[in-house]
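J.: Taken in sequence, the protein lines are chains W and S. Number 55 in the numbering used here belongs to position 55 of the first sequence; there are no gaps in the numbering. Number 1264 in the numbering used here belongs to position 264 of the second sequence; there are no gaps in the numbering.
Worth flagging that the hints you see were computed from the coordinates, not collected in a lab. A virtual CB, placed ideally from N, CA and C, is assigned to each residue, including glycine. Relax, there's no trap hidden among the hints.
Negatives, chain S to chain W, calculated, CB over 12 Å:
{"no.": "1", "residue": "1083"}
{"no.": "2", "residue": "1124"}
{"no.": "3", "residue": "1190"}
{"no.": "4", "residue": "1271"}
{"no.": "5", "residue": "1304"}
{"no.": "6", "residue": "1322"}
{"no.": "7", "residue": "1341"}
{"no.": "8", "residue": "1344"}
{"no.": "9", "residue": "1388"}
{"no.": "10", "residue": "1403"}
{"no.": "11", "residue": "1479"}
{"no.": "12", "residue": "1480"}
Pairs of lysine-lysine, DSS-like flavour, derived with a Cα cap of 30 Å:
{"no.": "13", "chain 1": "W", "residue 1": "92", "chain 2": "S", "residue 2": "1196"}
{"no.": "14", "chain 1": "W", "residue 1": "86", "chain 2": "S", "residue 2": "1120"}
{"no.": "15", "chain 1": "W", "residue 1": "74", "chain 2": "S", "residue 2": "1196"}
{"no.": "16", "chain 1": "S", "residue 1": "1537", "chain 2": "W", "residue 2": "195"}
{"no.": "17", "chain 1": "S", "residue 1": "1238", "chain 2": "W", "residue 2": "92"}
{"no.": "18", "chain 1": "W", "residue 1": "86", "chain 2": "S", "residue 2": "1238"}
{"no.": "19", "chain 1": "W", "residue 1": "86", "chain 2": "S", "residue 2": "1212"}
{"no.": "20", "chain 1": "S", "residue 1": "1067", "chain 2": "S", "residue 2": "1096"}
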Amino acid sequence: MLAYIIRRILILIPTLLGVSIIVFLMLRFTPGDPAELLLGERVTEEALYEIREHLGLNEPLYVQYGLFLGRLMKGDLGETIWSRQKVWIEVKERFPATIELSIAALFISCFFGIIFGIISATRQYSIFDYLSMLGALIGVSMPIFWLGLVFMLIFSLNLGWLPISGRLSIGVDLEIITNFYILDAVLTWNWAALKDALWHIIMPAVTLSTIPMAIVARMTRSSMLEVLRQDYIKTAKAKGLSRFIVTFKHALRNALIPVVTTIGLQFGVALGGAILTETIFAWPGVGKWMFDAVMKRDYMVIQGGTLCIAALFVLINLVVDVLYAVINPRINIQ
Amino acid sequence: MLRKIVLLSVVFVFLFTGSMVAAAPKSGGTLIFGRGGDSVGLDMAYETDGNSFMIGDNIFEALVAYKDESTALEPGLAKSWDVSSDGKTYTFHLRKGVKFHDGTPFNADAAVFSIGRMMKERNVKFHGKGWKIPAQERTPEYWVSMEMDDTVGSIEATGEYTVVFNLKRVEAPFLANMGMDFASIISPTAFMKNPKEFVRNPVGTGPFKLVKWIKDDQIVLDKNKDYWDKSGGPYLDKIVFRSIPENSVRFLELKTGNIHICQFPNPADIELARKDSNLILPTQPGMNIGYLSFNHTKEPWKSNVNLRKAVAHAINSKAIVDNIYQGMGQVAKNPIPPTMWGYNEKVPGFKYDPALAKKLLTKAGFPGGKGLGEITLWSMPVPRPYNPDGQKIGVAMSADLAKVGIKAKIVSFEWGTYLKRQREQPEDMDLFQLGWTGDNGDPDNFLAVLFDGLASSSIRTQWKNEEYHKLMLQGKQTIDQAKRTEIYKKALQLIFDECPVISIAHSTVIWPAQKSVMNFKLHPTSSVRMKNVWLSK
Chain W
1 MLAYIIRRIL ILIPTLLGVS IIVFLMLRFT PGDPAELLLG ERVTEEALYE IREHLGLNEP
61 LYVQYGLFLG RLMKGDLGET IWSRQKVWIE VKERFPATIE LSIAALFISC FFGIIFGIIS
121 ATRQYSIFDY LSMLGALIGV SMPIFWLGLV FMLIFSLNLG WLPISGRLSI GVDLEIITNF
181 YILDAVLTWN WAALKDALWH IIMPAVTLST IPMAIVARMT RSSMLEVLRQ DYIKTAKAKG
241 LSRFIVTFKH ALRNALIPVV TTIGLQFGVA LGGAILTETI FAWPGVGKWM FDAVMKRDYM
301 VIQGGTLCIA ALFVLINLVV DVLYAVINPR INIQ
Chain S
1001 MLRKIVLLSV VFVFLFTGSM VAAAPKSGGT LIFGRGGDSV GLDMAYETDG NSFMIGDNIF
1061 EALVAYKDES TALEPGLAKS WDVSSDGKTY TFHLRKGVKF HDGTPFNADA AVFSIGRMMK
1121 ERNVKFHGKG WKIPAQERTP EYWVSMEMDD TVGSIEATGE YTVVFNLKRV EAPFLANMGM
1181 DFASIISPTA FMKNPKEFVR NPVGTGPFKL VKWIKDDQIV LDKNKDYWDK SGGPYLDKIV
1241 FRSIPENSVR FLELKTGNIH ICQFPNPADI ELARKDSNLI LPTQPGMNIG YLSFNHTKEP
1301 WKSNVNLRKA VAHAINSKAI VDNIYQGMGQ VAKNPIPPTM WGYNEKVPGF KYDPALAKKL
1361 LTKAGFPGGK GLGEITLWSM PVPRPYNPDG QKIGVAMSAD LAKVGIKAKI VSFEWGTYLK
1421 RQREQPEDMD LFQLGWTGDN GDPDNFLAVL FDGLASSSIR TQWKNEEYHK LMLQGKQTID
1481 QAKRTEIYKK ALQLIFDECP VISIAHSTVI WPAQKSVMNF KLHPTSSVRM KNVWLSK
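When you get a sec, could you build the whole thing from the sequences and use the hints?
T.: What follows is the structure in structure tokens.
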């Protein structure tokens, strides 16, 4: 098992190399010049040339890539074009917010998605089944942007139950250790901040969870249905085992395999799709930052940020693969 | 009777002083400002975005300052200045007793350091020990794009509180430039301690100082209790600048009282704000211009004045301002806003007159638009302060042109591409939308930068007119304000006579606020100054 994990981690290297080349080339061949965007309407030839010199953009492509790769080997993602700060530091400051939001969204979507899926499968063709699958369809179809604003109107403006935007209320003091506010609040025994942070994450997390929840629900349902038709389930029922044990001990463990795969992929989608949620809820994460970087052609941010997200994605899927073996020891992942 | 008079006078006196007492600023409180994005960096020499300048406006000061709600100049960190008769030597006499936020003293050497570090060749002389200014890590963008290296020859601290700028050429806007954000005075000690980190740990002399910066979330400023100017503010204890990217969400936070001021709400929300008795609407005519210009490198636009004027009379600017600017703007008659000196009231602007447009088209040799073919109308893809919706405006303009027989195709690119390609004056560009927000309130900043094609090939409107070019040079080289006013008025008349560009609108800035926010005034240069702002509750 350990060897397997180490092998998978080593595969990160060629994967990230491939990602870096693709992103690098795509950026350089996309029209739009970061120096031009930096200056906006007030450009002069001289200023343009100077900035491009400073950024190394006048060098041939292979030199630029070589420099980038060289820095990367030393663990240096370079400096952003717009704020001249180390890309790694900028990523570090924003990633925890996005990961916290994605984990919360994934937790909500898994919890409710799996439960709805199980109930739908075990009560196939019942009213519950139809309603929950209809709900899934609606969830997948509703634009996150609109949904977020509607939640705000109902729960913040009209009912006043939840805060509108941001991660923490102004005036709530929290000592930042990991930049995962919920974790930091627990670590510092700051219960007022914990409540405030939880209250702030509810709406964006629920908004972000609607699409994965729908997908997880459907996946669970169809996977369970297939498993429930298997002979060994009939055997288990014939043995007189309770419905609960049949469903959860025997059926679910096998049904979860494809669902866990989906969840791994959904985490990647959540990381990327957090852009809209982060924009509406003023959530200071990586999503909106990367989107702005693309608009401004901040090459260094896009390259560095993409590599970090790609690395995280690969690691999450490694966790997923290891989980297979945990769920069902008979699966030989070698 | 006498008793009645005395009684009434006493009552009046009480009312008068009572109302004055009610208007006296209260110290304390935390003001929360909701804005659309975070600052990029806090070293003003290197920043180009409004959100960075917004913070700089409060933690830094420059030698020269802009008066409230005006672009007229008043003493800043320099209490007075002299200009030599040949206009090439500026001597600034600095205030004494001013300290930076880190306790180090402000003096001539600090001024020399702050401005000298932007020069390519550091021809600077310190009065005391001075510092060895580190090499530039980046291009100081405003300094370079305003060609300050061609203007400033050397900077000398001739006394502990006297700085002399020796210019290479006469440049009348120089004084106004010294009031801009890039000319902010920084603490050399703080900079030298860690040059790379200064952009996130700025130290200035301003009424507020930086306390906390959570990226893309908030910047927190604390009152500078040792601020040198005791005649007024700062009154607020703390200011929190919150980044809330979505306009409607930002306005929601204002309505629910979670923030005090809302930057750039959606125009539709302005109407809601007007109806809300808890909100006030600080308003300011923007120091900007949205225009429609021509590709002067190709015919027929280059030589056919009648054709250009025909297009000008065909466009219904008022309808565009009413419907697309949603009233948050005014029709432009000149390419500089009426709040700027040098504005020419005698210029009538191009009235919307399709009949006249058709007549001029015929005079131009294109009766009913025949022979012109389909022209391209480049429309902006992103909202800017001077243009809220380039695509919609493009559609409106194209419909206006169709009415007189001109077929215009709307063309757009992604913003970076749009800016780059427009500058190249490509063959496939006929008309293009663009605009400008003024930097320093000097007409040169609009008229020379935007329309003097003979000055440089990167000027966006490549209009090559000898007389205009002469006027622009004269404007730069004349120091006397009254004479400069006449020069620019002449230039504006020439623009009307030759129609190298069609001025569409100046936008109006309205940032709704809680009514507890007192003395918040919008500034024409878009700077956000919190020094004299206080909260009534």
